[in-house]
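Visitor: Here are the chains, one letter per residue:
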Amino acid sequence: MASDLNSRDLNSRDLSQTYKMAGDMFAKLFNEVGKVIVGQHATVEQIIIAILCNGHALVESNPGLGKTLTISTISQSMDLNFSRIQCTPDLMPADITGTHIIEERDGRKEFKFEPGPIFANIVLADEINRASPKTQSALLEAMQEKQITVGNDTFILEKPFFILATQNPIEMEGTFPLPEAQLDRFLLKILMDYPNYEDEIEIVNRYTKSIMPTVNKVLNKNTLIDLQKLTRDVPIADDIKNRAIKIVISTRIKSEFIEYGASPRASIGIILAAKARALLQGRNYVSADDIDAMAYPILRHRIILTFEAERRDISTDQVIKSLLEKIK
Amino acid sequence: MDIRDFVNKQEAALKLYRRIYKLLDFVGTTLILYILLFYFNADKVFPLLDSFEVKAGTSYDMLGMSIAFETVSLALIAAFVSVIITFLRHLRNNKAKAITLIEKQYPELNERLRTAYDNHNNLDNLIVSDLLSTVLSITPKVTSSALIIKEKLVFGVVIILLASPTTVYVVENDIRSNFIGAEDIKDVIDKITFTNDDDNKPDDLYEIDGDSSENGDSDNEDLTGETAIIVVEGTEVDLTLPPGTGAGFWNPEEAEEADEDFDQSSPYEISIISSQAYYEELPEGYESVIKSYFEKMAKT
Numbered sequence: 001m002a003s004d005l006n007s008r009d010l011n012s013r014d015l016s017q018t019y020k021m022a023g024d025m026f027a028k029l030f031n032e033v034g035k036v037i038v039g040q041h042a043t044v045e046q047i048i049i050a051i052l053c054n055g056h057a058l059v060e061s062n063p064g065l066g067k068t069l070t071i072s073t074i075s076q077s078m079d080l081n082f083s084r085i086q087c088t089p090d091l092m093p094a095d096i097t098g099t100h101i102i103e104e105r106d107g108r109k110e111f112k113f114e115p116g117p118i119f120a121n122i123v124l125a126d127e128i129n130r131a132s133p134k135t136q137s138a139l140l141e142a143m144q145e146k147q148i149t150v151g152n153d154t155f156i157l158e159k160p161f162f163i164l165a166t167q168n169p170i171e172m173e174g175t176f177p178l179p180e181a182q183l184d185r186f187l188l189k190i191l192m193d194y195p196n197y198e199d200e201i202e203i204v205n206r207y208t209k210s211i212m213p214t215v216n217k218v219l220n221k222n223t224l225i226d227l228q229k230l231t232r233d234v235p236i237a238d239d240i241k242n243r244a245i246k247i248v249i250s251t252r253i254k255s256e257f258i259e260y261g262a263s264p265r266a267s268i269g270i271i272l273a274a275k276a277r278a279l280l281q282g283r284n285y286v287s288a289d290d291i292d293a294m295a296y297p298i299l300r301h302r303i304i305l306t307f308e309a310e311r312r313d314i315s316t317d318q319v320i321k322s323l324l325e326k327i328k
Numbered sequence: 001m002d003i004r005d006f007v008n009k010q011e012a013a014l015k016l017y018r019r020i021y022k023l024l025d026f027v028g029t030t031l032i033l034y035i036l037l038f039y040f041n042a043d044k045v046f047p048l049l050d051s052f053e054v055k056a057g058t059s060y061d062m063l064g065m066s067i068a069f070e071t072v073s074l075a076l077i078a079a080f081v082s083v084i085i086t087f088l089r090h091l092r093n094n095k096a097k098a099i100t101l102i103e104k105q106y107p108e109l110n111e112r113l114r115t116a117y118d119n120h121n122n123l124d125n126l127i128v129s130d131l132l133s134t135v136l137s138i139t140p141k142v143t144s145s146a147l148i149i150k151e152k153l154v155f156g157v158v159i160i161l162l163a164s165p166t167t168v169y170v171v172e173n174d175i176r177s178n179f180i181g182a183e184d185i186k187d188v189i190d191k192i193t194f195t196n197d198d199d200n201k202p203d204d205l206y207e208i209d210g211d212s213s214e215n216g217d218s219d220n221e222d223l224t225g226e227t228a229i230i231v232v233e234g235t236e237v238d239l240t241l242p243p244g245t246g247a248g249f250w251n252p253e254e255a256e257e258a259d260e261d262f263d264q265s266s267p268y269e270i271s272i273i274s275s276q277a278y279y280e281e282l283p284e285g286y287e288s289v290i291k292s293y294f295e296k297m298a299k300t
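Chains A and B, in that order, give the protein sequences.
Read in order, the letters of the first sequence are residues 1 to 328 in my numbering.
Read in order, the letters of the second sequence are residues 1 to 300 in my numbering.
Excised from the complex, chain B in its bound form (with noise of 0.2 angstroms):
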């Protein structure tokens, strides 16, 4: 074999290996990013998003099992930021050339199969052919596994054998973090989407009555302005509806068009309201009590 070829064959056999390892990386980091991502209840944060509270909760049937929407999306984005540290780490990688690693490989070749290789059009030079015959005479032993980088293949693999039952194990018994909730992570996204444009705050979407600040008791009024503080049995509780509570969910395209004929008399456009997301915040533990109260207001 001439000595380019035998180069270019361990070149491609280099190649194929920083693939393995690239792909090992991806696998390794992209489970432990969905562990964490898991752990610290990034899934639950889909349904408290515009975006993606329409397909939160539901499920994709793939290979005859079903697998839910918040499962799908947190493996994308795992495997998304797994993508964009792989190719980091391994862009930063210094990229031996396979004649370096065959040489530390093989002390017998230091420094002659390069020398060799830069040198083996020159075959009308005595020292040179002498030098490629004593090189080729050696190539024979060298194989393209003598450059796998054992230590790098042996952690890919150990990485993804310990992470691929962690993932099974965290996700089937449903560990998580109780120290950041979805609620958080909701609240850093909501910084980061409306840090700048104060106009779009979904609370603005609400405010019917003007600025609420310039009645000092408002939080404690409803939207008749009488207080919503009620006592029962000596305890006092907040009857204050959240903005959008009880507007439900309007889905834009069943909603009922607008009539053209009617004249418009109100100073504001007329347009659907919708709320953005349908949930109720009544205070906690206090659910009964609330409802007690407005069955005895029917009942009067």
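Chain A with its partners taken away, still in its complex shape (with noise of 0.2 angstroms):
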């Protein structure tokens, strides 16, 4: 199947051939995915989701609940580089980056720019709240300008890249949490819920097994760039449109539960995320239903609650659901 996926078919640089295998692309992509994910379609959606609007994603959830694992295996059903950071409290920068090595050559010593694990199309940052806040100011350029900057040199990193991160809400001791403006360049914060009964017995059933699945390659960097760039092809209607942003602006209205709302990269965010859904759900128009899906993982890392939100338990989510309500 591998070999047939990764065809001329299925690869071609001709963008209207991409379009419409773009359908079977994304259904073996998801059946790819599958075969090791046990449920959490939604968050499958959102990681693909990020990597065709070519943005950056943070994974949060408990313990146990195939954060890592989902990453991964996206990563692996896609033929791009990958690389992995384990993030730790004494993790520096240069060893994300990377660093100049003295290197002996016909007897001369002479300095050699040796790349860190940044260098990569795909790169999980696992438990990126438990690197210091200097390690992590140093994925901002990497994210925000897909270059590097070692000294004095600059290094463009190869598209597509991705950065890919995860968290823990629980075990916040010695964590550093991100800062906003960090948290910002991410485009969406996708939250990972526990699996329910038949997904359980489904999991307990597959990983007890003594031969683990494997996944298949079934995009391959030409194709995703393709996908990437009908991406921002899909049409929008301009009410639709309108209305995206009068919802990214009303989280500014300050009000009993936000304090610090978002900023107009959230509207280009919403916008683009929504035509990303729509391409992935096979259709050639943004929908409301777009806009209101994607306004949770666009926003609720945007959104900053007063104490009284926090005092009442009331999530950001709760908070976004009652915009989207107002905004009808």
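One should not assume that every hint holds.
Stated by the list, open to error - Short, incomplete list of chain A residues facing chain B, as computed with Cβ under 10 angstroms:
1) D238
2) I240
3) K241
4) I245
5) N284
6) Y285
Claimed, not checked - Only pairs whose alpha carbons sit at most 27 angstroms apart, straight line, appear in this in silico DSS-like list of lysine-lysine:
7) A:K28 to A:K159
8) A:K254 to A:K159
9) B:K44 to A:K146
10) A:K241 to B:K97
11) B:K22 to A:K246
12) B:K22 to B:K97
13) B:K97 to A:K328
To be verified - Derived contacts from chain B toward chain A, CB cut-off under 8 angstroms, selection only:
14) N8
15) E11
16) K15
17) R114
18) T115
19) D118
20) N121
21) N122
22) L123
23) L126
24) I127
25) V128
Since the hints were derived computationally from the structure, they do not count as laboratory data.
We put the CB at the ideal spot given by N, CA and C, even for glycine.
Hints given; two lone chains; assemble the complex.
Guide: Structure (structure tokens):
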């Protein structure tokens, strides 16, 4: 199957061909990921949306729900360079970006740049909130500019480039919560929930066998770049676009529960993510449902709640829900 | 057909339908208002109003029919009020775009049509082209009649169908309310007209002997100051003549011109004082008694 999917038809540089095959490709991608990941369809979908938007995603859940497995599985199903950084408090920026080492050649010693794990198409930054702020900020330039600077040298990162980070909302001791500026650079904040009863039975059945499930590569680099271009081409009606912007602007109006709202980056993100969702679902137009669905992962890490909201145990998702209901 | 032409065509049809709704609303409201005005004796007010007194009772020949002034006036009032009501009702109406209405009627075009319309200039875009071709394959099925809001149309027609025969029935059978008479309506009009201008009260025009309240029984006295109560066969009859009684109607145009050479001896300026309205206000039921009283007076 893998050979079929990697055939010329599926990975053609011809956009129209890619567009025609998009539905099949996404179906196969979900199928491959589904071999390893049980359920969690919304999470997988949102991670792929982030990739189609050429954005970064922050996945948050309690331990043991398969954050790392999900991201690594999606990475494996795409024919892209993948690297993983396990963030710890003693992780240094050079451990991520790479460093100059002394190399001896023809009797002469010279500095040579040894690229770090950031030089990959998909970078999994596991437990990102365990890295020190100094190390976290090393990711900032890479995330926003898609380049890194080491010493006097600037290195352009290869396209496509994504950072898929995970963090754990509990066990907060010894962690460094991500600053708002860095959070804003993540296109989506994805929450993973516990699997339901049937899914958990399936997980147990699948992972208590001697043979572990494996995935085949179904997308290559060029196809992914084509899909990213197609994502931006998905048309959106003016009134749906206006509604999305109104939703974002409404977060900036100070209320009982909102201290600070989302930046214009959220407006761009919500439209782009809605386009990706439409393409993923085989539609050639953005629906109002796409905006509603993407408002949560786009806005939940960009809205800062008031003390009153925290005191009353009101979540960001509840605030977003009320905003969506207001702006119909 | 281009998507823009299609939408423009539907918008034009929608405008036409909106005009039809307005027309139906206007006709229905006018008929209902006419019935109400007629039922509450609004046409009886015209003879009591100075401005319309002359024309009251006259009629116009229209299309071989003789139509009374009161009928025409009532219809005009009803139409005028109906125009205002219809305007206000439709002003507050939410004017949905043709695209929204089409999308409601044809769910397969939902969100597609507006997206295709908003992006129809972006033909280089592969996905927009695909969307346009999908939408244009469905648009031939769309008929302008789908934009008609049937409930609104049926409601308008039913109102007219019910109101028309009701109008004819009410007018032909002269069905009127007993609760509100022409006098009541005139009183209301007088109150509205003279609320803040006491000097122009019509009764002031007839005050000859100054303030009548100076004499306690002035209501029972005639112009000479004698009591106007007589006793006929043991029954007291009030002979008080209301101001203006017998003065009749003076047409200022036909009145004699004042003599320019006449030396004014009166402190008051000489001018024609006409009664604003000519009517007899004899106590009801006493007309024959008063008549016989004056006949006896004449004989003696």
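Visitor: Next step is simple, just say for each hint if it's right about the structure.
Guide: Here is what the structure says about each hint:
Taking 10 angstroms as the C-beta contact cut-off toward chain B, the hint placing D238 (chain A) at the interface holds, the least distance being around 5 angstroms. Hint status for I240 (chain A): holds, given a least beta-carbon distance of 7 angstroms to chain B, under 10 angstroms. Residue-level restraint check for K241 (chain A) holds (minimum Cβ-Cβ distance to chain B is 9 angstroms; threshold 10 angstroms). With 10 angstroms as the threshold, the beta carbon of I245 (chain A) stays out of range of chain B, its nearest partner Cβ sitting at about 15 angstroms, so the hint is violated.
The restraint placing N284 (chain A) at the interface with chain B holds, with a minimum CB-CB distance near 4 angstroms, inside the 10 angstroms limit. At a threshold of 10 angstroms, the smallest CB-CB gap from Y285 (chain A) to chain B is about 4 angstroms, leaving the interface hint in force. A hinted pair counts as satisfied when its Cα atoms are at most 27 angstroms apart, and K28 (chain A) with K159 (chain A) qualifies at roughly 23 angstroms. Proximity of K254 (chain A) to K159 (chain A) is assessed by CA-CA distance (about 39 angstroms); at most 27 angstroms being required, the pair is judged violated.
Between K44 (chain B) and K146 (chain A) the CA atoms are separated by roughly 88 angstroms; this puts the pair beyond 27 angstroms, and the hint is violated. For the suggested pair K241 (chain A) and K97 (chain B), the alpha carbons sit about 17 angstroms apart, so the restraint of at most 27 angstroms is met. A threshold of 27 angstroms between alpha carbons decides the hint, and for K22 (chain B) with K246 (chain A) the separation of about 34 angstroms lies outside it, so the pair is violated. Proximity of K22 (chain B) to K97 (chain B) is assessed by CA-CA distance (about 17 angstroms); at most 27 angstroms being required, the pair is judged to hold.
A distance of roughly 17 angstroms separates the Cα atoms of K97 (chain B) and K328 (chain A); the hinted pair therefore holds under the 27 angstroms criterion. Restraint check, N8 (chain B) versus chain A: the minimum CB separation of about 17 angstroms is more than 8 angstroms; hint violated. Annotation: interface hint on E11 (chain B) violated; nearest CB of chain A at approximately 16 angstroms, more than 8 angstroms. A cut of 8 angstroms between beta carbons decides the hint on K15 (chain B): the least distance to chain A is about 21 angstroms, and the hint is violated.
A hinted interface residue such as R114 (chain B) counts as satisfied when its beta carbon comes closer than 8 angstroms to some beta carbon of chain A; here the least separation is about 4 angstroms, so the hint holds. Annotation: T115 (chain B) was flagged as interfacial toward chain A, and the flag holds, the nearest CB pair being 4 angstroms apart, inside 8 angstroms. Of the supplied interface hints, the one on D118 (chain B) holds, with its beta-carbon coming within about 5 angstroms of a beta-carbon of chain A, less than 8 angstroms. With a least beta-carbon distance of about 11 angstroms to chain A, the hint placing N121 (chain B) at the interface is violated under the 8 angstroms criterion.
Against a cut-off of 8 angstroms between C-beta atoms, the interface hint on N122 (chain B) holds, since the closest Cβ of chain A lies about 7 angstroms away. A hinted interface residue such as L123 (chain B) counts as satisfied when its beta carbon comes closer than 8 angstroms to some beta carbon of chain A; here the least separation is about 11 angstroms, so the hint is violated. Annotation: interface hint on L126 (chain B) holds; nearest CB of chain A at approximately 6 angstroms, less than 8 angstroms. The interface hint given for I127 (chain B) holds, since its Cβ lies 5 angstroms from the closest Cβ of chain A, which is under the 8 angstroms cut-off.
Hint status for V128 (chain B): holds, given a least beta-carbon distance of 5 angstroms to chain A, under 8 angstroms.
Against the hints set out earlier in the document, violations occur for numbers 4, 8, 9, 11, 14, 15, 16, 20, 22.
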